[in-house]
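Residue numbers (this note's numbering), protein chains in the order written: chain H, 6 to 326; chain S, 6 to 326; chain P, 6 to 326; chain W, 6 to 326; chain U, 6 to 326.
No lab work stands behind these hints, which were simulated from the structure alone. On a predicted model such as this, the values are computed, not experimentally measured, just so you know. A hint or two may mislead.
Restricting the straight-line Cα-Cα distance to at most 20 Å, the calculated cross-link-like pairs of lysine to any residue (SDA-like) are [unchecked claim]:
1. K166/H <-> R247/H
2. K166/H <-> N246/P
3. K60/H <-> D217/H
4. K213/U <-> E231/U
5. K176/W <-> P144/W
6. K37/S <-> R58/S
7. K213/S <-> R230/S
8. K176/H <-> D41/P
9. K176/H <-> S188/H
10. K181/P <-> R183/U
11. K181/U <-> G150/W
12. K66/S <-> D207/H
13. K60/W <-> Q221/S
14. K213/S <-> P144/W
15. K176/H <-> D227/P
16. K166/H <-> R324/P
17. K181/P <-> R324/P
18. K320/S <-> M61/W
19. K213/U <-> D41/P
20. K167/W <-> I225/S
21. K166/U <-> N249/S
22. K66/U <-> D214/W
23. K213/W <-> N141/W
24. K167/W <-> K60/W
25. K60/P <-> T159/P
26. K60/H <-> E50/P
27. K213/U <-> Q57/P
28. K209/S <-> Y96/S
29. K181/H <-> Y56/H
30. K66/W <-> D106/W
31. K66/P <-> D41/P
32. K176/S <-> N249/S
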Amino acid sequence: DYNELLQYFRANPQLQHWIDIRGYRDITLLEKILADFQIHPLQMEDVISDYQRPKMDTEGKNLFFISRMITFLPDHCLDDDQISIFVGANYIITFQSDYEDCLDVLRTRIKAGRGVVRKSPVHYIAYAIMDVTIDNYFPVLAQVGDYLEELEDTLFGQPNKKLLNEILNMKREMLKVRRIAWSERDKLNEILRSDNNTIPDDIKIYFKDVYDHIVQVLDIVDNYRELMGNLTELYLSNVSNRMNEIMKVLTIISSIFIPLSFVAGVYGMNFSRENPDGTINYLNMPELYHPYGYIILLAIMLLILLGQLYFFYRKGWLRSF
Amino acid sequence: DYNELLQYFRANPQLQHWIDIRGYRDITLLEKILADFQIHPLQMEDVISDYQRPKMDTEGKNLFFISRMITFLPDHCLDDDQISIFVGANYIITFQSDYEDCLDVLRTRIKAGRGVVRKSPVHYIAYAIMDVTIDNYFPVLAQVGDYLEELEDTLFGQPNKKLLNEILNMKREMLKVRRIAWSERDKLNEILRSDNNTIPDDIKIYFKDVYDHIVQVLDIVDNYRELMGNLTELYLSNVSNRMNEIMKVLTIISSIFIPLSFVAGVYGMNFSRENPDGTINYLNMPELYHPYGYIILLAIMLLILLGQLYFFYRKGWLRSF
Amino acid sequence: DYNELLQYFRANPQLQHWIDIRGYRDITLLEKILADFQIHPLQMEDVISDYQRPKMDTEGKNLFFISRMITFLPDHCLDDDQISIFVGANYIITFQSDYEDCLDVLRTRIKAGRGVVRKSPVHYIAYAIMDVTIDNYFPVLAQVGDYLEELEDTLFGQPNKKLLNEILNMKREMLKVRRIAWSERDKLNEILRSDNNTIPDDIKIYFKDVYDHIVQVLDIVDNYRELMGNLTELYLSNVSNRMNEIMKVLTIISSIFIPLSFVAGVYGMNFSRENPDGTINYLNMPELYHPYGYIILLAIMLLILLGQLYFFYRKGWLRSF
Amino acid sequence: DYNELLQYFRANPQLQHWIDIRGYRDITLLEKILADFQIHPLQMEDVISDYQRPKMDTEGKNLFFISRMITFLPDHCLDDDQISIFVGANYIITFQSDYEDCLDVLRTRIKAGRGVVRKSPVHYIAYAIMDVTIDNYFPVLAQVGDYLEELEDTLFGQPNKKLLNEILNMKREMLKVRRIAWSERDKLNEILRSDNNTIPDDIKIYFKDVYDHIVQVLDIVDNYRELMGNLTELYLSNVSNRMNEIMKVLTIISSIFIPLSFVAGVYGMNFSRENPDGTINYLNMPELYHPYGYIILLAIMLLILLGQLYFFYRKGWLRSF
Amino acid sequence: DYNELLQYFRANPQLQHWIDIRGYRDITLLEKILADFQIHPLQMEDVISDYQRPKMDTEGKNLFFISRMITFLPDHCLDDDQISIFVGANYIITFQSDYEDCLDVLRTRIKAGRGVVRKSPVHYIAYAIMDVTIDNYFPVLAQVGDYLEELEDTLFGQPNKKLLNEILNMKREMLKVRRIAWSERDKLNEILRSDNNTIPDDIKIYFKDVYDHIVQVLDIVDNYRELMGNLTELYLSNVSNRMNEIMKVLTIISSIFIPLSFVAGVYGMNFSRENPDGTINYLNMPELYHPYGYIILLAIMLLILLGQLYFFYRKGWLRSF
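Work the whole structure out from these sequences, hints included.
Encoded structure:
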C-alpha cells in the first residue's frame, strides 16, 4: 500500500501531503522512503537513533526538523520521544517510534478540513506540528507541578527517607527537560533567523509565537528547579530539626532524673550507724533517722524538678512539644 | 459607547488618544478593537494569555509593548500583572486584566492637563506608562525589605520551623522579579537600540532614564537575594548552635551525676561484714563502718563535682548559658 | 623496513596511505618521519608530550589533529590516550603511545576493502578515525553508568565510609571527560567552519554527524554529573538520618528507664522506720510496709512505661525501626 | 557669590575652572547651574538621586561621569558616596552630597600649582579626580583586610554566635563594592574605547592606568570574598567539631560509669540468703559473703575502667582534650 | 658601570642586547634607563608597583610585557613575582624585584652561545623568557600536587582540626594561580592575534606553543581545585561519620546497661516482707526469697543483653568498630 500511496502522491503534485510514519520496524519501507524522497542517509540515522536533541538541518533536499515530545509517566519519570519532520516542496513526512502521541488534535483538525490555509501550507503544517508539540509541555509541566505540591505536603507532613531521593530525581528530570527546551529554543531561533527561501516570512510570525511558548516553558522549569532546591534545603533542615527535638527530649528527661537518682542513691548507701561496740556514729547519715527525713527529701526532690523545668521553660525547650 | 468613542476618535485625527481597557471579559469588544486598530491576532493572544515576559514587538501596524507591574500581597507573595501597550500613529491602547493598578498618578496628571507635551506625544505617553510601572517597583521592594528585616529579627529572636520556608519562598519570589526585570531591561535595551522611525531619538533619552531605574531594581533584587542567602545560612548555623547548647546541658549534667551516682551505688552494695560464724570480714566495705565515712564521702563527692565544673569552665562550656 | 615503506609510498603517489605508528620509543624513526613528511617540530613535541587537548592545527604542510580515546580501567578510573593524526595530500599518519586502541574495527574494515570511497578519501579516513574514537565514548560511558548504578545500590543498601570518596572520584573523572569532550567539540566546530580547501565540503556533513555525537556525549556526562551530585547529597543526608535513628534509640531507652530507675532508687533508700526508742516514724517510707506496695509500684512503673511509649508513638519515633 | 563666580568664569574663557559643589540643599543654586552650564535635567536628577552606578554619559553639551567613593565606617559597614563630574569646554563641575571626601590631596596639589598641565587640562583634571577616587579604594580595602584578619583570629580563638553574621555581612558589603567596581571598570572601558573628540588620545593612556588599578581592586575584592567563604566554612566545621568534642566527653564518661553503676547496682540487690526456716540459699548472691568479695569486685571494676580507657585511647578520643 | 654598558650598547647597534635588572633599590639607575630607552613613566610605575597582572602593552616605543613567576614556599604558600620585559629594536630589558628566579637555565644557554638564532632574535628571547617562566609552573604545580596527596593521606589517616584550614588555604592559593594563568592566557592570545609588525609571524608559532602550555596549567589548576573541593567535602563527612561512631558507642552502652541497672535497682528496693505483727506480705518482692531468684535474674539479664546485641548487630552498628 506504500506503492499506492506513492503513486497517488506523484499523480497529485498540486496537493499537499502529510506522510505520517510511526514505528521503525519496517526497515525496507524506511529505505524506500529514503530513496523516493531523497533523504540524506545521515539524517535517516538521526531518525532511527531516536536520541537527538531538537535541531534544524537545512542540508539536503528537504528541510529537516527534530522535536521532542515529553510525557509524565506514572512512576514520576519523564519520557521524551523524538518526532522527526521532513519538509519538501509539497509534502511533509514525520517519523516517530511510538504509536501514541499528542498530535491527534492536529490530525482531527486537518481531517475536518478546518484550520488556516495559506500560500505555503507545508511550512504551516510543520509549524502546527511543532506548536502542538510545545503546547503539550504545559499540561505535562502542570502534572509535574501537582506532583511537586504532593512532595511538599509530604515534607511538611510525614517526611520519609525516600522523599529526598524523589525530589532529587525530579530535579534531574527537570534538568533533562531544560536541556531539551534550550535546544528547542535554539532551533526556533534558527528558524526565525533563516532567510525567506527556507521559511517564508509570513510563516515566521507563527514560529515567533512558538518561541514565546518555549521561553515560558523554560521559565516554569527554572521555577520548579528553584522550588526543588528549596525542598531539598527544607528536607535537610527538617532532619536537623528533628534531631534537635530528639535531643531535647533526651536532655530534659536525663537532666531531671539523673540528679534525682543520684540523691536517691545517696540515701540508699549502707553507712553503718551502729558500731560493733553498740555506740552510734551520729555522723553517718543522720538524715535517715530523722522522723521527717523522707518527707523533707521528697520535697527537696520536687524543688529540684521544678527548678529544672523552669530552666528548660526559660530556654524555650518545652515549647515545641 | 465603544462606537461613540470610535467615532470621536475618527473625527479627531489631529488629537492624541489613550484607550484604557481593563478586564478581558467582553470578547466581542476585544475583537472589535482588534479589527478597528489592526492588531495582529497573535498579539491579542499575548494580551489575553496574561502570562508574557516584558517584550517589544515591532511586527504589524502598531508598536507593541508588554510590561509587568508587581504588587506585594499581604501573604508575603508577589503578584505580577501584565500591561499590554499598543502604540499607533495618534493613539495608544493599553490592556490590563485587573481594574486596579499603579497608573492612577499618570491618569490624574493627564486629566489635569499637566505634563510635558512634545512632537510625538504618543511615544511620550508610552514612556510615561512604563516609567510609572518601573518606578512602582521601588515601593514594592521597600515593602519586601521591611519584611526581610522582620524575618531577620525573628531569626535572632525566636526562630521557628516555618522561618526557613518563609525565607526560601521570598527568595523564589525575588527570582521571579529578577526574571521579569531582566526581560524589562532587555526590552528597554531594544528600545534604545531601535532606529529613529520606531522610537524618536528625542524620546530615547527618557527611556535611558527608565533603563537606569531597572538596573537599580536589579541591584536591589540581587542585594536581597544575597541577604536571604545569608539568612538561610544563619538559620542553619542557628539550628546547629542550639543543638550544641542542648548537648552541652546534657553532657554537663550527665558527666557530673553519673560518676557520683556510681560512687553512691558502690556504698549501697550489701557485701556482708559478718560471717555466719560471727567473724568479721574486715575487707568487705570497711568504709561503711568508719565513724566519719559518710562525711568523708560527701566531701569526696563535692571535690569530684568541683573538679568537673572547673574542667567545663576551662572548656568554656559554662559561658553561654 | 621503514625505508621500504617509504620507497613504496613514493613509488605509488596515486594511492592513499595510512601510516600507523604505535609507541614512541624509536626516536630516530620519529625524526625520520618528521623530516620525510615535513612535520613541524613543535607538532612532533605535541605528539610525544602525550598530554594535549583535542585540537586542530592548520599550520605547516600537513593538517594536524589531536583526538583522545578514553578507557574505563578496572579500578574505576578513566584513562585517556592521545591519538595524533597528520593528514597530507595522499597520506595519513597516526601516532599513539599505546599499542591497544579502539581502531581495530576500522583497520579490519579497510583491509576488507569495504567502506565508502570518495574523491578525497584521506579526509574521509581522518573522519573515520575520529568517528570511531568518539563512538567508543558510548560503551565507556555505559560502563560508567553501570558503575554508578552499583554505587547507588550500595548507597541504599550498606553504605560505607569509602562510598563518598568513590562518588567524588568518579565525579572528578567525569569532569576530565567533560573537559576533553568540550575541546573535541571545539575542534569539530573549527572543522565545520573551516574553508573548502582545508576540509572538502562533502566530507563536512560527516563531521557534522560526529559533532552531534560529541554533543550527546556531553549530555550524558552532564547527566552523570547531576546524578553524582544527587548521590553525594543522598549520602550526606543518609549519614544524618542514621544519626537520627541512633539518637532515637538512645532517647527512647534512656527516657523510659532513667525515670523508672529513679523510682526504684527511691524505694531503695534506707530511711529508718524505727527510732532507737522503738517508736515508729510513720512518715518514713510507709509505702514499703504496705501489703500491696510492691504490686502497686510495679503497676505504676508499667503505666509510666506505656505513657512514654504512647508519647514516642505519637511523635512517630517508633515507626522506622 | 555664585554670581560673582559666574562673572569671573565668563570673563576668563582662556582659564580652566573647577567648580566644586558639596551638599544638595540649595535647590535654586543647582537650578541656576543647570541653566548656566546647559546640564540636562535627567542628568541633574541622577546627581541628586545620589544612587547611581558609575557611568559615562556623552549625551548633552557636557561630558558626564559618575564615580563612587567608598569609606569603611567604624561599625564595619562600607559607605559609598557618589561624585558626579561634568566636563565642559574649559570647566569641570563636581557634585557631592557629603562635605568630606578623599579629594583634598588633589585640591592641595592644584592650589600649590603643581601637577602636570597639558593641552586639554580639563580632561586631565577629570582623570585626576577619578584616579584619586579609585586609589582611595586601596586604603579602604586594607582596612577591610585588617578587619577580616581580626575575624579570622576570633574564629580560631573564642568564636561566638555573632561571628558568622559579621562574616556574612562583610561578604555582602564586598559584593556591593564588587558591583561598583565592575561598573567603574565598564565606565573606564567605555572611556578607553571612545573616540578622540570625546577624550583626547594622549589622556587615554592615563585612564588605562586607572583601569589597571580598578582591575587590581576587583582582584583584591575577589580574594576577600574567597577568604570570607573559607571563614564561613571553617566556622561551620568548627561548630561540628565542638559538638564532636562535647559528645566525646559525654560518651567517655557515660560509657565508663554506666556499666560500673550497673555492677554496683547488682550487688545492692536484696536477694535473701536465709530462708524463713533458717536454711541458707547458697545460690542467692554468694559473692556478698566471700571474705574478699569487695576487694575482688573493686579490682574487676578497675579492670573494666582500664579496658574502656584503652578502647577510647585506641580510637583516639582521648587525644584532643 | 651602567654608563660603560650604555656606551657599549650604542657602539654596537648591530648586536642584540639583554639588559637584566634585579632589585628596584637604585632609583636613579631606573630613571636613567627610563630616559635612555624611552620607557613610558606609567609603564615604569607598573614595573615598580610589582603588583600587576600579566599583560601586553604596545603603547610607547617599546613592546612591554609583564609575566609572573610562581614559587612554592616551605609554608605551603605560593609566592608570585613579577618579571617586566621591554622589547626594543635590538635590545630587551627585564626587571625583577628578586635576585633569584627561574631564568638561569636560559642565561646559561645564551652564554654558552647555544639556542636558535633567527631573523628577529629579540622577540625570540622574549618568547624564551616567557616560555621558561611558564614551564616553571609545572614543577611548582607538581610540588602542590605532592602537598595535596599529603593532605589526602592525613585526611584518611589522622585528620585534625587544622586540616580543613590548610585545604581551604591551598584552594585560595590555587585561585590566585588561576587568575594569573588566565591573564597570561589572555596576554598570549593578544600576542597571537597581534599583527606581523608587532610580533613577527614566524615567532608566533612559538608563542602558540606557550599558549598550549598555559592551557595545560589551567587544566591542572582546575583539576586541583576540584580535588580540594572533594577533600573539603570528605573532611566534613568525616566529622559527621566520627560523630555517628561516637553516638553509636554511647547508644550501645547506654541502651544495654540502663535497663539492666533498672532491673538491679528494682531488686534493691526495700519493700518489707514482714509486717510488725510478724505476718508476711507474700506479695512484697517474693522473688527475693526464691532459692534460685538470683540465678534466674542473672539469666534474664543475660538474655536482655543478648537481645540488645542482636538488635544492634542487625542494625549494623557493631560492624564498624
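Output the indices of the hints that this structure fails to meet, ascending. When the structure is compared with the hints, numbers 4, 6, 7, 8, 14, 17, 18, 19, 20, 24, 25, 26, 30 and 32 turn out to be violated.
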